[in-house]
Amino acid sequence: MKLSSTRYDTTTLDPSPTDEGDRGFFDRFDELQGKPALIDAKGRRVDLPDALYETFSRILALLHQGIGVTFVPHEENLTSQAAADILGVSRPYLIRLIEAGKIPCSFSGSHRRIKLQHVLAYMEKRDRKRHEALEGMTRKIHEAGLYDKIEEPEE
Amino acid sequence: MTADFPVVLDACVLANQSVTDLLLRLAETPRLYLPYWSEQILEETTRTLIEKLG
Chain F
1 MKLSSTRYDT TTLDPSPTDE GDRGFFDRFD ELQGKPALID AKGRRVDLPD
51 ALYETFSRIL ALLHQGIGVT FVPHEENLTS QAAADILGVS RPYLIRLIEA
101 GKIPCSFSGS HRRIKLQHVL AYMEKRDRKR HEALEGMTRK IHEAGLYDKI
151 EEPEE
Chain V
1 MTADFPVVLD ACVLANQSVT DLLLRLAETP RLYLPYWSEQ ILEETTRTLI
51 EKLG
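In order, the protein sequences belong to chains F and V.
Residues 1 to 155, numbered by the working numbering, are exactly what the first sequence covers, in order.
Residues 1 to 54, numbered by the working numbering, are exactly what the second sequence covers, in order.
Just chain F, same shape as in the assembly (with noise of 0.2 Å):
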């Protein structure tokens, strides 16, 4: 694998899926049991904690797959477009939810800055939002006896 930091913070592993090194690691991870620890020259050990542990698991299954990982701290700033990205929303709406408030944001000269935790915050209160509107909605087709209704193709 291949490590690569594209910007200030930001940090991207690429898979490198006919490095023979990589492909025998994988393996060997495969085969590990019980909770790893850190080993280091001296013979020193250090527990990996669960939550960690379970990131790394995760970021390995990720490479394993040939898919590669990138990290970014919740502190980085991302560009309008990059935020309306990870929102799936076009630009302008996302400027419009910064215009409106929801979304707070800086400038760099003219162009907008957003940090992701930011952008991270209204996506868990939208989507919980939305959650909460589609059980409202199901229980409502449930109680008019709608749900279950099977309807006749129209000629």
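Just so you know, the hints here were simulated from the structure itself, not pulled from any lab data.
Note that this is a predicted model, so its numbers are computed, not measured.
Mixed in with the good hints there might be a few duds.
Stated by the list, open to error - Computed cross-link-like contacts, DSS-like style, restricted to lysine-lysine with a CA-CA straight-line distance of at most 30 Å:
no., chain 1, residue 1, chain 2, residue 2
1, F, LYS129, F, LYS140
2, F, LYS140, V, LYS52
3, V, LYS52, F, LYS102
4, F, LYS115, F, LYS2
5, F, LYS2, F, LYS42
6, F, LYS2, F, LYS35
Dock chain V against chain F, hints included.
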């Protein structure tokens, strides 16, 4: 992982409640597609539902 290809849900889809329920749930995070509709589609859905349910 999330998918970013757009899919328009037209009135003939949205007027069927169980299908709408399924399709909107597939679009929840992590979404399998990006659903779209318009004011016009929602108006037509409302008209169809009024007609269908009386």
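Hints versus structure:
no.	hint	result
1	LYS129/F - LYS140/F	17 Å, holds
2	LYS140/F - LYS52/V	17 Å, holds
3	LYS52/V - LYS102/F	38 Å, violated
4	LYS115/F - LYS2/F	27 Å, holds
5	LYS2/F - LYS42/F	27 Å, holds
6	LYS2/F - LYS35/F	26 Å, holds
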